[in-house]
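Q: So the chains spell out like this:
Protein chains: 2
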Amino acid sequence: MSNELIGKLRAIVGARNVLTRSDPGADLVAWERDWRSLQHGHALAVVRPTTTAQVAQVVKACAAAGISLVPQGGNTGLVVGATPDASGQQVVLSLLAMTQVRKFDAANASVTVEAGCVLQHLQALCEREGYLFPLSLGAEGSCSIGGNLATNAGGTQVIRFGNARDLCLGLEVVTADGEVWSDLSGLRKNNTGYDLRNLFIGSEGTLGIITAATLKIFPQPAAMLTSFVAVPDVASAVELLKLAGDRLGPGLTGFELMNQQGLSLVARHFPQQRVPLWQDAPFCALLEASDHESEEHARLLFERLLETAFERGLVSDAVIAESIAQSRALWHVRESISLAQAEEGANLKHDISLPISSIPHFVQEVGGRLQDRYPLLRIVNFGHLGDGNLHYNIQAAENDHAGSALHAVQEEVTALVYDAVARHDGAFSAEHGIGSLKVTELRRYKPPSAVRLMEKLKDTLDPTNLLNPGRVLDAGRS
Amino acid sequence: MSNELIGKLRAIVGARNVLTRSDPGADLVAWERDWRSLQHGHALAVVRPTTTAQVAQVVKACAAAGISLVPQGGNTGLVVGATPDASGQQVVLSLLAMTQVRKFDAANASVTVEAGCVLQHLQALCEREGYLFPLSLGAEGSCSIGGNLATNAGGTQVIRFGNARDLCLGLEVVTADGEVWSDLSGLRKNNTGYDLRNLFIGSEGTLGIITAATLKIFPQPAAMLTSFVAVPDVASAVELLKLAGDRLGPGLTGFELMNQQGLSLVARHFPQQRVPLWQDAPFCALLEASDHESEEHARLLFERLLETAFERGLVSDAVIAESIAQSRALWHVRESISLAQAEEGANLKHDISLPISSIPHFVQEVGGRLQDRYPLLRIVNFGHLGDGNLHYNIQAAENDHAGSALHAVQEEVTALVYDAVARHDGAFSAEHGIGSLKVTELRRYKPPSAVRLMEKLKDTLDPTNLLNPGRVLDAGRS
Numbered sequence: 001m002s003n004e005l006i007g008k009l010r011a012i013v014g015a016r017n018v019l020t021r022s023d024p025g026a027d028l029v030a031w032e033r034d035w036r037s038l039q040h041g042h043a044l045a046v047v048r049p050t051t052t053a054q055v056a057q058v059v060k061a062c063a064a065a066g067i068s069l070v071p072q073g074g075n076t077g078l079v080v081g082a083t084p085d086a087s088g089q090q091v092v093l094s095l096l097a098m099t100q101v102r103k104f105d106a107a108n109a110s111v112t113v114e115a116g117c118v119l120q121h122l123q124a125l126c127e128r129e130g131y132l133f134p135l136s137l138g139a140e141g142s143c144s145i146g147g148n149l150a151t152n153a154g155g156t157q158v159i160r161f162g163n164a165r166d167l168c169l170g171l172e173v174v175t176a177d178g179e180v181w182s183d184l185s186g187l188r189k190n191n192t193g194y195d196l197r198n199l200f201i202g203s204e205g206t207l208g209i210i211t212a213a214t215l216k217i218f219p220q221p222a223a224m225l226t227s228f229v230a231v232p233d234v235a236s237a238v239e240l241l242k243l244a245g246d247r248l249g250p251g252l253t254g255f256e257l258m259n260q261q262g263l264s265l266v267a268r269h270f271p272q273q274r275v276p277l278w279q280d281a282p283f284c285a286l287l288e289a290s291d292h293e294s295e296e297h298a299r300l301l302f303e304r305l306l307e308t309a310f311e312r313g314l315v316s317d318a319v320i321a322e323s324i325a326q327s328r329a330l331w332h333v334r335e336s337i338s339l340a341q342a343e344e345g346a347n348l349k350h351d352i353s354l355p356i357s358s359i360p361h362f363v364q365e366v367g368g369r370l371q372d373r374y375p376l377l378r379i380v381n382f383g384h385l386g387d388g389n390l391h392y393n394i395q396a397a398e399n400d401h402a403g404s405a406l407h408a409v410q411e412e413v414t415a416l417v418y419d420a421v422a423r424h425d426g427a428f429s430a431e432h433g434i435g436s437l438k439v440t441e442l443r444r445y446k447p448p449s450a451v452r453l454m455e456k457l458k459d460t461l462d463p464t465n466l467l468n469p470g471r472v473l474d475a476g477r478s
Numbered sequence: 001m002s003n004e005l006i007g008k009l010r011a012i013v014g015a016r017n018v019l020t021r022s023d024p025g026a027d028l029v030a031w032e033r034d035w036r037s038l039q040h041g042h043a044l045a046v047v048r049p050t051t052t053a054q055v056a057q058v059v060k061a062c063a064a065a066g067i068s069l070v071p072q073g074g075n076t077g078l079v080v081g082a083t084p085d086a087s088g089q090q091v092v093l094s095l096l097a098m099t100q101v102r103k104f105d106a107a108n109a110s111v112t113v114e115a116g117c118v119l120q121h122l123q124a125l126c127e128r129e130g131y132l133f134p135l136s137l138g139a140e141g142s143c144s145i146g147g148n149l150a151t152n153a154g155g156t157q158v159i160r161f162g163n164a165r166d167l168c169l170g171l172e173v174v175t176a177d178g179e180v181w182s183d184l185s186g187l188r189k190n191n192t193g194y195d196l197r198n199l200f201i202g203s204e205g206t207l208g209i210i211t212a213a214t215l216k217i218f219p220q221p222a223a224m225l226t227s228f229v230a231v232p233d234v235a236s237a238v239e240l241l242k243l244a245g246d247r248l249g250p251g252l253t254g255f256e257l258m259n260q261q262g263l264s265l266v267a268r269h270f271p272q273q274r275v276p277l278w279q280d281a282p283f284c285a286l287l288e289a290s291d292h293e294s295e296e297h298a299r300l301l302f303e304r305l306l307e308t309a310f311e312r313g314l315v316s317d318a319v320i321a322e323s324i325a326q327s328r329a330l331w332h333v334r335e336s337i338s339l340a341q342a343e344e345g346a347n348l349k350h351d352i353s354l355p356i357s358s359i360p361h362f363v364q365e366v367g368g369r370l371q372d373r374y375p376l377l378r379i380v381n382f383g384h385l386g387d388g389n390l391h392y393n394i395q396a397a398e399n400d401h402a403g404s405a406l407h408a409v410q411e412e413v414t415a416l417v418y419d420a421v422a423r424h425d426g427a428f429s430a431e432h433g434i435g436s437l438k439v440t441e442l443r444r445y446k447p448p449s450a451v452r453l454m455e456k457l458k459d460t461l462d463p464t465n466l467l468n469p470g471r472v473l474d475a476g477r478s
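Keeping their order, the protein sequence lines are chains A and B. The numbers in full-length UniProt numbering rise by one with no breaks, and the one at position 216 of the first sequence is 216. The numbers in full-length UniProt numbering rise by one with no breaks, and the one at position 22 of the second sequence is 22.
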């Protein structure tokens with residue numbers, strides 16, 4: 001049966017676009033192991049279609065054979081959502097060979113690309129044309145647009161431009177029955193029926209396979225300016241966020257928070273980076289402003305903003321980048337926290353979101369509880385404050401590099417964090433999704449009414465559980 | 001059976017919140033007739049719950065009795081989507097008694113209101129608190145937030161803030177089985193499962209009943225400035241739109257196009273209004289800029305923009321409002337076109353959207369065809385160019401005030417317009433929705449793959465066709 005399917009798949013996409021374990025010199029690890037190396041699965045085959053029609057045929061062939069599909073983009077996800085299970089009975093459908101830019105429409109401020117287009121390539125393409133595609137995240141050199149949409153990626157400019165969902169004007173999708181639904185016209189208003197687009201976005205390949213998308217692009221700003229400030233506490237950071245919004249309006253394109261612990265790890269492990277201000281402040285914030293007039297104008301607004309912030313005691317010290325290089329260096333500090341955590345050793349990641357108004361209380365409450373119960377653990381709290389999104393990570397104790405003590409309490413610690421998130425009306429996954437890592441949390445924290453609706457949608461759109469089974473919703477559901 | 005149901009409904013919401021034809025002095029016309037008086041239905045009863053729990057009980061009672069429900073907000077829709085059919089066997093569920101503001105959260109820049117809250121009340125509430133709720137449309141004095149979301153309303157600031165959908169952070173919904181699904185936490189990032197919110201938004205009450213919503217609010221700008229310009233043709237207007245986007249970025253909060261025919265009707269029927277520039281230009285545009293710095297700054301940017309536009313021949317004449325009163329007067333001209341059309345007599349409305357890049361060609365092509373075939377008909381073309389949304393209306397001939405000649409060719413004319421819209425990858429309903437008026441067009445112009453997906457969603461979320469039957473999807477479907 002398997003051999004018959006593989007023959008069919010070879011006929012559809014061409015022999016060299018079907019990889020199997022039994023191929024001479026085959027090494028499928030790049031498709032079988034997730035980005036964080038948390039799980040290593042075994043695929044029946046890796047299939048790399050180059051057209052939407054091929055994707056549809058692959059889906060039909062797998063459906064006929066009763067073999068499930070795991071759609072995969074750049075394989076940079078953080079929740080084990082795009083790699084096969086250990087059965088050796090799943091087909092990895094890699095979209096990376098579908099990379100065409102189908103249409104660049106300047107007058108409509110939109111671009112239509114295939115799912116395998118790498119985010120950084122799209123950013124560069126738009127920049128060459130004088131436009132901005134504002135989705136920006138750590139994995140942008142490897143992640144693909146299809147994966148960004150399937151997981152509703154976030155990143156650093158959400159405060160102004162929204163999540164991947166908000167940047168999408170239309171999709172082309174292959175459904176579980178191998179049909180193509182397409183709406184790539186790039187309309188900004190279209191009230192001709194139910195919103196199918198948003199159903200597929202963020203469904204992590206469990207409801208359909210995104211093969212192409214039409215995306216919004218934006219005029220490039222004349223200048224971008226970055227400031228790094230020390231704040232006395234989280235409440236001040238939230239007030240500063242509001243003040244910056246009042247003064248800069250949509251010109252505020254980034255607002256990141258970083259605690260002292262996180263910055264200290266960057267200073268320790270990357271001594272070549274100059275980490276500013278962190279030694280005397282419990283928190284620092286990174287603000288980014290985009291200006292459609294001039295750098296001079298951006299600087300003037302920023303200086304006025306910081307002056308007021310100083311007067312109100314919201315910031316205790318501040319630097320404004322004097323050049324693009326300095327600006328990049330400041331962002332680099334922020335982006336190095338995760339890497340510094342890895343260098344430091346074992347740690348737990350919690351990608352959470354909260355109503356922004358609840359964050360000061362949450363940080364105080366949960367920080368207190370953790371310090372009481374686990375005084376040696378270190379809280380590395382940083383993230384996109386402007387979106388209410390914290391990476392509330394827990395670093396093992398100084399003397400526990402391998403993390404054996406941390407792992408012994410891992411479940412308790414995570415439950416403590418997520419329980420508090422739930423009490424504060426937050427979400428246990430802000431931008432990373434569910435994948436297979438968080439299916440248990442989904443059952444625990446999501447209201448039953450929401451889970452029932454999700455199950456209904458899955459059952460009606462993928463009745464045989466062909467697409468990415470066990471992801472988002474666990475296989476054991478009724 | 002009906003009497004039994006009415007007794008149950010009275011027990012749920014209180015006797016005075018159930019209106020029936022047989023009540024002494026009863027007049028249900030306000031709930032039974034649509035805004036444009038196109039259809040006059042007959043309700044079994046009008047029920048006005050005051051709480052979400054009551055809505056859920058009403059749904060269960062109606063489901064048990066096999067009586068369908070027609071959810072209704074301010075009843076200002078333009079496609080007969082919220083009034084009962086003629087059977088006398090449908091219950092109108094009016095949400096207008098649910099008007100509570102549940103939470104105003106300044107630090108989270110969000111507000112949670114019940115479905116019956118009138119848009120203008122919400123705008124005013126936010127303004128008093130120093131915030132902007134940017135949804136703005138002609139019916140704002142009567143329409144309700146629940147209806148705005150159920151129809152994904154558009155309006156005049158979509159270019160900057162998006163449609164109603166884009167302003168919504170969360171919903172509370174009563175589903176067809178009388179359960180409550182709620183997510184009113186106001187999170188800006190939440191990747192914990194499928195996007196249920198957007199499924200209900202824009203579904204026109206056919207998949208669930210929206211009872212409350214958490215909405216985004218924004219810092220009020222320091223200044224808003226309006227300019228009214230004459231443009232030589234539509235292509236120039238599209239170029240001006242791009243130039244304005246480059247210069248003002250997100251400061252561009254409105255871009256409306258109006259043809260000479262439309263403006264001439266305003267000048268004719270509302271002579272007290274001073275309509276500028278229209279006599280010598282085929283099209284005029286209204287631009288609005290919002291500025292977070294100052295009026296002086298807004299004016300400077302606007303002047304520079306118009307200077308460049310003059311140099312490039314994109315505008316032939318321009319006025320910039322000198323005061324808020326002047327600004328309102330310019331907007332009033334734009335908003336009076338529909339009223340002037342009504343004064344002038346019979347007309348056909350086409351609320352269409354197109355890729356912005358296709359609009360110049362579309363206007364030329366369709367205008368030419370219409371003038372060839374129906375030389376006496378008058379094209380009143382205006383709308384939200386910044387969103388690709390035209391109200392491409394057709395006014396009866398000068399001597400056909402009652403419209404008998406127009407009505408004789410109505411179907412042909414509309415088919416000519418919509419066929420061209422389809423050829424240009426546009427939509428036959430941009431912001432008004434489907435209701436019952438456009439169910440035929442939905443079958444004709446929507447790809448079968450989309451209709452099949454919509455039917456699956458309807459069947460799984462409302463298997464007994466309890467909610468607003470025959471709307472969006474026609475009753476005769478398989």
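If you're looking for bench data, these hints aren't it; they were derived computationally from the structure. Please note: incorrect hints may appear among the correct ones.
No copy is singled out in the list; a pair is fine if it fits within one copy or between any two copies.
Subject to a maximum C-alpha distance of 30 Å in a straight line, what follows is the list of computed DSSO-like cross-link-like pairs (lysine-lysine) [unchecked claim]:
| no. | residue 1 | residue 2 |
| --- | --- | --- |
| 1 | LYS8 | LYS349 |
| 2 | LYS242 | LYS349 |
| 3 | LYS349 | LYS60 |
| 4 | LYS242 | LYS8 |
| 5 | LYS456 | LYS60 |
Q: All hints are to be evaluated individually against the structure, with a verdict given for each.
A: Against the structure, the hints:
1. LYS8 with LYS349: neither (42 Å within a copy, 52 Å between copies)
2. LYS242 with LYS349: within (27 Å within a copy, 43 Å between copies)
3. LYS349 with LYS60: Cα proximity of LYS349 and LYS60: none, with 38 Å in one copy and 43 Å across.
4. LYS242 with LYS8: Neither, since 58 Å and 49 Å both go past 30 Å.
5. LYS456 with LYS60: both (22 Å within a copy, 19 Å between copies)
Consistency note: the structure conflicts with the earlier hints numbered 1, 3 and 4.
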